[in-house]
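Take a look at the letters that make up each chain.
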Amino acid sequence: MGEWRYVGRKLLQAGATLLFIITVNFFLFRVMPSDPVRLLTRQRGVQLSPEAQAALTHDLGLDRPLPAQFVQYLADTFRLDFGDSFIFPGQSVVSVFSRFLWPTVLLVGTATVLMIVIGLYLGIRGGWKRGRPLDVGSMGFSLLFYSMPDFWLAMILLIVFSTALGWFPSGGFESPSSDLTGFARALDIANHMFLPVLTLTLGYIGEYYLVMRSSLLDVLGEDYITTVRAKGIREDRVLWRHAVRNAMLPTISLIALSFGFVLAGAITVELVFSYPGLGLLAIQAIDSQDFLLLQALFLFASVAVLVSNLVADLVYSWVDPRVREA
Amino acid sequence: MTEPDAGAGAPTPEVATRSARSVVWARRRLSARRFWATYRRSVMGIAGLVILVLFALMALLAPVLVSADSLDVTKATGPILAPPSWEYPMGTDEAGRSVLALVVWGSRVSLAIGLLAAVVSMVVGAAIGIVAGYRGGRWDSALMRFTDWFLVLPGLPLAITLAAILGQSMFIIVMVIGLTSWPWTARIVRSQALSVRERPYVERARGLGAHDLQLIAKHVLPNVFPVIFANTILSIALAILAESALSFIGLGDPLRVSWGATLELAFDAGAPTIGAWWWIGFPGACIVLVVLAFTMCGNALEEILNPRLRQR
Chain A
1 MGEWRYVGRK
11 LLQAGATLLF
21 IITVNFFLFR
31 VMPSDPVRLL
41 TRQRGVQLSP
51 EAQAALTHDL
61 GLDRPLPAQF
71 VQYLADTFRL
81 DFGDSFIFPG
91 QSVVSVFSRF
101 LWPTVLLVGT
111 ATVLMIVIGL
121 YLGIRGGWKR
131 GRPLDVGSMG
141 FSLLFYSMPD
151 FWLAMILLIV
161 FSTALGWFPS
171 GGFESPSSDL
181 TGFARALDIA
191 NHMFLPVLTL
201 TLGYIGEYYL
211 VMRSSLLDVL
221 GEDYITTVRA
231 KGIREDRVLW
241 RHAVRNAMLP
251 TISLIALSFG
261 FVLAGAITVE
271 LVFSYPGLGL
281 LAIQAIDSQD
291 FLLLQALFLF
301 ASVAVLVSNL
311 VADLVYSWVD
321 PRVREA
Chain B
1 MTEPDAGAGA
11 PTPEVATRSA
21 RSVVWARRRL
31 SARRFWATYR
41 RSVMGIAGLV
51 ILVLFALMAL
61 LAPVLVSADS
71 LDVTKATGPI
81 LAPPSWEYPM
91 GTDEAGRSVL
101 ALVVWGSRVS
111 LAIGLLAAVV
121 SMVVGAAIGI
131 VAGYRGGRWD
141 SALMRFTDWF
151 LVLPGLPLAI
161 TLAAILGQSM
171 FIIVMVIGLT
181 SWPWTARIVR
191 SQALSVRERP
201 YVERARGLGA
211 HDLQLIAKHV
221 LPNVFPVIFA
231 NTILSIALAI
241 LAESALSFIG
251 LGDPLRVSWG
261 ATLELAFDAG
271 APTIGAWWWI
281 GFPGACIVLV
291 VLAFTMCGNA
301 LEEILNPRLR
311 QR
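One line per chain: the protein sequences are A and B, in this order.
Letter by letter, the first sequence follows residues 1 to 326 of our numbering.
Letter by letter, the second sequence follows residues 1 to 312 of our numbering.
To be clear, the hints were calculated from the coordinates, so they are not data collected in a lab.
Computed from a predicted structure; not experimentally measured.
Don't be surprised by glycine CBs; every beta carbon is placed ideally from N, CA and C.
Possibly wrong hints are sitting among the right ones.
[Unchecked claim] Incomplete in silico selection of chain B near chain A, CB under 7 angstroms:
(1) Leu143
(2) Val152
(3) Leu153
(4) Thr161
(5) Leu241
(6) Ala269
(7) Thr273
(8) Trp277
(9) Phe282
(10) Gly284
(11) Ile287
[Unchecked claim] Some chain B residues judged to face chain A by a derived CB distance under 10 angstroms, without partners named:
(12) Trp139
(13) Ala142
(14) Phe146
(15) Leu158
(16) Gly207
(17) Ser244
(18) Ile249
(19) Gly275
(20) Ala276
[To be verified] Every beta carbon over 12 angstroms from chain A, so not counted as near; a handful from chain B, in silico:
(21) Arg33
(22) Ala62
(23) Ile80
(24) Ala127
(25) Trp149
(26) Leu208
(27) Leu221
(28) Ile274
Please model the complete structure; the sequences and the hints are all you need to start from.
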């Protein structure tokens, strides 16, 4: 199959998936046991008069037939119009959203880079010298941190490094009411971000280690490695030039897959460190039953995972054209 | 340890005198014995099993070990936020309840939700996987497309959103976790069912006029079952983690004490900043131990079922 046909097919599939995600989002909110208007006003301490309820129903377009509502929802979604947030009166969901987006991007981005670099390195070392202390240690480490709830690890790190030792601040994005600028401010932010990043990184290194290790072991069993060795190539060159290159391939898909998990992990970790990102925003939306906001957040999480999967597929086919035939 | 199909073993003279059923059961006993002999050699598998048995005993014997009254905030008699001592081995919480009592009773809810959610996920995943793999063709592509769509939806955020909308009860949590975690099971079961379908004895049975349901019940299911089982053990671990996260966010059943719910209470009371490590440490360590144990058992099972992994 040609390169462009492959890209086209992948884009088409992603488009279909996007439609599915939007449909799920639409129904999440509408085909629930209680009607949306009651859901929106529940626990808000507001008792709406029947007329006001009818007006809100009309405003939300809920008195129209379902297909018409769906078309309206599609149009709104593509215009990024998700209505107004309840927690922040008078502000659109999108404007609230964009304020909380960057801290999360910074947190998840930094942690993802670190876990990939460290995880892959350990996987390569572990697979190359299988059964040595580094390998056995990494294996135990992976299993242990895999079994740990992210928020628990976050609280333990908080107790040890903030409460007991006082090395790091207990939460937030930067020191409140600080007038730091430039490098000093960046340092302050990094100081606040250290523990959240450490939590996420420790929690997900193991997956990269395991996949890299098993992929390297597969490759090391291949005939061409024996051939390379027979040619008398130095061992570290065999590893880095010949084995690792091919063994890296499966980790590309893993990066996309684990992205969803890291994003989910960020929700509770941000809660523990009161780090003002999308995760904390989601918790606030849940606590105050702001479903329009929650819906937009879920849509964002799904689309983020979808896009990262698409990118991984395309990168994979570019690095390894063989998959286009599959 | 896939079983050979009925009648494919070497015919022995006694077969004629025994009923087909007894032959089948004898073979199953034999394969179970063989399985146990292999499993016993896995240090991880045995360690996991021992931990699980201990926790299961704790959960079952909870009413005998600690009276249910000790969970009642109004009847708590202990000192407030006391660190571990002989009287309160895991310390006390803000209301003077023994953390040990919370941990013992919490094990019931955490384990029950984990098991039930994994069963829901297994039933849905196995049904979709078997139909897709066994029917093949259009069924296969339609069901797998659907599964792939679901794979993209991030599981925990979906579960959180659903639980936030639907409200909080144990039933809703079980359903929400179960119904958001089946796609991997479906994929694994499908690939197994696909290979079983092509085996000669299935073709032979079909040739003899066996009905689809009969084939699935007699041949596909028994052959796919070991894979489903190992997968379910692994998904219990994930379900317990998911329950703890939902409870921690405040979406747990407010009427029940689970490990995650205890951690939520501790966090809300500011336990991390006042240094009440016991209130957070012990319930969390239980989650880690149980999840670790299920994962070790699941990995040990997978290694037996998948010989390619065995050399690792």
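For each hint, the structure was consulted:
no., hint, in the structure
1, Leu143, "14 angstroms, violated"
2, Val152, "5 angstroms, holds"
3, Leu153, "5 angstroms, holds"
4, Thr161, "5 angstroms, holds"
5, Leu241, "6 angstroms, holds"
6, Ala269, "12 angstroms, violated"
7, Thr273, "6 angstroms, holds"
8, Trp277, "5 angstroms, holds"
9, Phe282, "11 angstroms, violated"
10, Gly284, "4 angstroms, holds"
11, Ile287, "6 angstroms, holds"
12, Trp139, "18 angstroms, violated"
13, Ala142, "12 angstroms, violated"
14, Phe146, "8 angstroms, holds"
15, Leu158, "7 angstroms, holds"
16, Gly207, "32 angstroms, violated"
17, Ser244, "5 angstroms, holds"
18, Ile249, "6 angstroms, holds"
19, Gly275, "5 angstroms, holds"
20, Ala276, "9 angstroms, holds"
21, Arg33, "29 angstroms, holds"
22, Ala62, "22 angstroms, holds"
23, Ile80, "18 angstroms, holds"
24, Ala127, "20 angstroms, holds"
25, Trp149, "4 angstroms, violated"
26, Leu208, "36 angstroms, holds"
27, Leu221, "29 angstroms, holds"
28, Ile274, "8 angstroms, violated"
Checked against the numbered hints above, the structure breaks hints 1, 6, 9, 12, 13, 16, 25 and 28 and satisfies the rest.
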